[in-house]
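*Asks:* Chains as they are written, first to last, in the working numbering: chain E, 63 to 296; chain V, 810 to 1015.
Fair warning: there could be bad hints in the mix.
Simulated restraints on C-beta separations [unchecked claim]:
{"hint": "1", "chain 1": "E", "residue 1": "267", "chain 2": "V", "residue 2": "989", "range": "46 to 54 Å"}
{"hint": "2", "chain 1": "V", "residue 1": "932", "chain 2": "E", "residue 2": "206", "range": "27 to 35 Å"}
{"hint": "3", "chain 1": "V", "residue 1": "890", "chain 2": "E", "residue 2": "199", "range": "24 to 32 Å"}
{"hint": "4", "chain 1": "E", "residue 1": "196", "chain 2": "V", "residue 2": "892", "range": "17 to 25 Å"}
{"hint": "5", "chain 1": "V", "residue 1": "927", "chain 2": "E", "residue 2": "189", "range": "41 to 49 Å"}
{"hint": "6", "chain 1": "V", "residue 1": "1014", "chain 2": "E", "residue 2": "199", "range": "49 to 57 Å"}
{"hint": "7", "chain 1": "V", "residue 1": "989", "chain 2": "E", "residue 2": "213", "range": "25 to 33 Å"}
{"hint": "8", "chain 1": "V", "residue 1": "961", "chain 2": "E", "residue 2": "193", "range": "25 to 33 Å"}
{"hint": "9", "chain 1": "E", "residue 1": "174", "chain 2": "V", "residue 2": "944", "range": "28 to 36 Å"}
{"hint": "10", "chain 1": "E", "residue 1": "215", "chain 2": "V", "residue 2": "895", "range": "19 to 27 Å"}
Stretch-level coverage of chain V by chain E, calculated; a stretch enters the list once three of its residues show a Cβ under 8 Å from a Cβ in chain E [what the hints assert, rightly or not]:
{"hint": "11", "stretch": "880-889"}
{"hint": "12", "stretch": "986-1000"}
In silico DSSO-like links for lysine-lysine, alpha-carbon gap of 27 Å or less [what the hints assert, rightly or not]:
{"hint": "13", "chain 1": "V", "residue 1": "925", "chain 2": "E", "residue 2": "242"}
{"hint": "14", "chain 1": "V", "residue 1": "940", "chain 2": "E", "residue 2": "196"}
{"hint": "15", "chain 1": "E", "residue 1": "242", "chain 2": "V", "residue 2": "898"}
{"hint": "16", "chain 1": "V", "residue 1": "1010", "chain 2": "E", "residue 2": "192"}
Just so you know, these hints were derived from the structure itself, not from any lab. Don't be surprised by glycine CBs; every beta carbon is placed ideally from N, CA and C.
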Amino acid sequence: MAQAHSPLPAQEESQGEPRSALAELHADPASRKRFLSMMGGAGAASAFSLFLTACGGGGQQQGTGSTVAQRQRPAPRPTDMEIVNYALTLEYLEADFYEKVQASGLVSGAPLEAIRVIGEHEREHVQRLKSVAKDLGKPVKKPQTRFPLQSQDQILKLASTFENLGAAAYPAQAPNIRSKELLSEAISIATVEARHAAKLNELTGKTPTPDGAFQTPLSMPTVLAKASPYIVTA
Amino acid sequence: MSEPELAAPELASVEVHGVTRGAFIVRGVLAASAVYGVGTVAPFVGEALARDGGADVDILNFALTLEYLEADFYQRASGLSGEAASLAKRFGDEEAQHADALRATIGKLGGTPVRKPTFSFPGGGQRAFLKLAQTLEDTGVGAYNGAAPKIRSKEVLAAAGGIVQVEGRHAAAIRLLNGAPPAPLAFDKALDRATVLGAVKPFIKS
Chain E
63 MAQAHSPLPA QEESQGEPRS ALAELHADPA SRKRFLSMMG GAGAASAFSL
113 FLTACGGGGQ QQGTGSTVAQ RQRPAPRPTD MEIVNYALTL EYLEADFYEK
163 VQASGLVSGA PLEAIRVIGE HEREHVQRLK SVAKDLGKPV KKPQTRFPLQ
213 SQDQILKLAS TFENLGAAAY PAQAPNIRSK ELLSEAISIA TVEARHAAKL
263 NELTGKTPTP DGAFQTPLSM PTVLAKASPY IVTA
Chain V
810 MSEPELAAPE LASVEVHGVT RGAFIVRGVL AASAVYGVGT VAPFVGEALA
860 RDGGADVDIL NFALTLEYLE ADFYQRASGL SGEAASLAKR FGDEEAQHAD
910 ALRATIGKLG GTPVRKPTFS FPGGGQRAFL KLAQTLEDTG VGAYNGAAPK
960 IRSKEVLAAA GGIVQVEGRH AAAIRLLNGA PPAPLAFDKA LDRATVLGAV
1010 KPFIKS
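Start from the sequences and build out the full structure, keeping to the hints where you can.
*Replies:* Written out as structure tokens, the structure reads:
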């Protein structure tokens, strides 16, 4: 896999809400290729191009893009292998993040204890998903990650972003899953991501239920676009 | 099969309206449930229904009963203060929206929504309230997670997924107010129906 240029640009100070991620993926064939081969499937590739089409190739409307894409035409249904590797990639990303946060020494007290416990959960998710991926085929490689780590406040906001992203990613895939085994695993992980999100929202002064009564599901391309700035290589 | 008089008519009407094929076996199970008690027979209901198109309606009605219970619980809250008061208000509204969404989905599938039961909850002030809230929310999460693999329709699974994530968020927020870990385990448990009924039965009056 070709080394992509650093995808850690201007969004660092915007608290983990990478505005330019989609534009970057659209403009940069290397990072797009990295990303799609990471998922290892034509399903993800076509879902992604559909997403770009739905957004008019721009990416300015990242916040609403997924909704548009989902409403216009359903993305091709990913295979279980694609879904488990997608989930595994997200869990790798989270686990790595918490490990690096702990090593940074920037977080202390009760938030550090929360980070430690949540990080341990993410590692367990990785192990479980890796084992399911082995049953289904070949687990995706652990991605190399890079995170902006500046202060406790900024780190907790980024953590909240990741957990809310995870909590939104799983329910979008549940209806696509064919294997009952994978569905059961995914579900038991999904609600823990939701619990983590509520905890991180508490630590960052946000409501535990920012979407209201129903978690807004986020499609695979949307989630990957938001995660990609933190993935250096796949 | 003859139908004995049912002690739990609201449960029976659910199945009778919701099931198109296999009503025969379902009625049999329900009759048995009425005679021997819901807790005894409940685990078999899901299995019998899983082979039938009415399974989703049955699952949705079970979820609807739980949402009714949670909504009622929060809406009756009194004497709460601070964060507990505001979360109870917010969560009560959200549970009521879950009940509305489930009723609509049941209708779409051609089923009949279960009647809202009458509930009764113990008093005892804010501490007791939050403790029970934690039990109910954790049970809600486990109930959805237990039912999900039995759901057949993708649309129903998507709806349930959007709801259970919010149940998980509620559970975590209430746990934080109780000084309990928001996510006690790395994997949430899937609860079978008998376990869920055992947990909520004390609060269902009729």
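*Asks:* Take the hints in turn and mark each one as holding or not.
*Replies:* For each hint, the structure was consulted:
1. E:267 <-> V:989: 46 to 54 Å: 21 Å, violated
2. V:932 <-> E:206: 27 to 35 Å: 56 Å, violated
3. V:890 <-> E:199: 24 to 32 Å: 54 Å, violated
4. E:196 <-> V:892: 17 to 25 Å: Violated: the Cβ-Cβ distance is about 44 Å, outside 17 to 25 Å.
5. V:927 <-> E:189: 41 to 49 Å: 46 Å, holds
6. V:1014 <-> E:199: 49 to 57 Å: 52 Å, holds
7. V:989 <-> E:213: 25 to 33 Å: 29 Å, holds
8. V:961 <-> E:193: 25 to 33 Å: 27 Å, holds
9. E:174 <-> V:944: 28 to 36 Å: 29 Å, holds
10. E:215 <-> V:895: 19 to 27 Å: The hinted range 19 to 27 Å holds for residue 215 of chain E and residue 895 of chain V, with Cβ atoms some 24 Å apart.
11. 880-889: n = 0 at 8 Å, threshold three: violated.
12. 986-1000: holds (count 9)
13. V:925 <-> E:242: 31 Å, violated
14. V:940 <-> E:196: The given pair, whose Cα atoms are some 41 Å apart, is violated under the 27 Å limit.
15. E:242 <-> V:898: Roughly 36 Å separates the two Cα atoms, so the pair is violated.
16. V:1010 <-> E:192: Judged against 27 Å, a Cα distance of about 39 Å means the pair is violated.
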